[in-house]
Each structure stands twice: as C-alpha cells, then as structure tokens.
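S.K.: Sequence:
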Amino acid sequence: MSGTKLRNIGPKSAAWLRQTGIRSQEDLESVGALAAFVRVKRAGFKPSLNLLYALEGAILGCHWQEIPDERRSELVLAAGDEVAKLPLPKNKRMPAAAPVKTVHLDGEDEADMPGPGYGFDDPSSSRDD
Numbered sequence: 001m002s003g004t005k006l007r008n009i010g011p012k013s014a015a016w017l018r019q020t021g022i023r024s025q026e027d028l029e030s031v032g033a034l035a036a037f038v039r040v041k042r043a044g045f046k047p048s049l050n051l052l053y054a055l056e057g058a059i060l061g062c063h064w065q066e067i068p069d070e071r072r073s074e075l076v077l078a079a080g081d082e083v084a085k086l087p088l089p090k091n092k093r094m095p096a097a098a099p100v101k102t103v104h105l106d107g108e109d110e111a112d113m114p115g116p117g118y119g120f121d122d123p124s125s126s127r128d129d
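Numbering follows this note's numbering, in which position 41 of the sequence shown is assigned residue number 41; successive positions increment by one, without gaps.
Just so you know, these hints were derived from the structure itself, not from any lab. Take these hints with a grain of salt, some might be off.
[Stated by the list, open to error] Keeping only pairs whose Cα atoms sit at most 20 Å apart, straight-line, the calculated PhoX-like set for lysine-lysine is: (1) LYS46 / LYS12; (2) LYS41 / LYS101; (3) LYS46 / LYS85; (4) LYS12 / LYS41.
Can you make the complete structure from the sequences, with help from the hints?
M.R.: Right under this line is the structure:
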C-alpha cells in the first residue's frame with residue numbers, strides 16, 4: 001500500500017483499502033480480514049468474496065486459493081451476518097411504510113363482501129359453453 005504491496009491485493013483493492021484507512025500489512029492484521037472486507041462494503045464499493053479470501057491470505061501469508069474450504073465457509077457466513085447489518089445504499093432504500101387503513105364504504109357490510117376468490121372459485125359460476 002504505501003510502499004509495501006500486500007500479497008493477493010491488486011491495485012483496485014489496494015485503493016479501496018486505503019480509502020477505508022487500511023494502508024499497511026500491520027493495519028490489515030490489526031483490523032482482520034472480515035472487518036476490512038466490511039469496511040470496503042460500508043464505503044460503498046462492491047467487492048466480491050475473492051477480496052475476503054485475498055485479505056485472509058494476506059494476513060496468513062499464503063495465496064488466497066490455499067485458504068481451507070472450512071475457513072472460507074466461516075468467513076462467508078460471518079461476512080453475510082456483518083453485511084446484513086449495514087444500511088442499504090440511499091438509492092436502494094424502501095420508503096417508510098405508512099399505516100394501513102381499512103375503509104368500509106357506506107351501506108356495505110363485511111358479510112356482503114365477496115370472499116377471497118371473488119366468485120371465481122364458485123363452482124356454480126362456471127359455464128359450460
């Protein structure tokens with residue numbers, strides 16, 4: 001990052017990490033792969049899970065493909081839990097739900113209202129043409 005290149009980390013990922021305050025091997029080791037990945041997501045970037053594996057590999061000093069499947073699964077589950085806690089991006093947020101109001105028109109009673117099938121399920125309403 002500044003002067004030192006992290007193993008498994010390309011220029012784009014390094015730029016993302018720098019923008020989230022992770023500038024060295026020591027920074028990455030103190031934060032951890034999972035927290036670094038979540039920081040990148042929180043900053044609005046769209047990293048793939050390969051970044052998560054690359055970060056773990058950088059900490060362990062191995063190629064990201066050498067991370068055992070069991071550890072990868074642990075990282076993916078933990079990342080899913082952490083990312084789910086993040087707020088949705090502003091352009092993806094749903095408007096707040098308004099209270100639901102039931103309105104009955106004058107003179108109508110619930111007993112007079114059609115059922116869930118609105119007559120379509122009524123066998124007597126079928127026609128043989």
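S.K.: Does each hint hold? Answer for all of them.
M.R.: Here's how the hints hold up against the structure:
1. Simply put, LYS46 and LYS12 have alpha-carbon atoms about 11 Å apart, close enough for the 20 Å limit, and the pair holds.
2. Our distance criterion of 20 Å between C-alpha atoms is broken by LYS41 and LYS101, whose separation comes to about 38 Å.
3. This hinted pair checks out: LYS46 and LYS85 have alpha carbons roughly 16 Å apart, not beyond 20 Å.
4. Taken as a hint, the LYS12 and LYS41 pair is honoured in the structure, with Cα atoms around 14 Å apart against an allowance of 20 Å.
Checked against the numbered hints given earlier, this structure breaks only hint 2.
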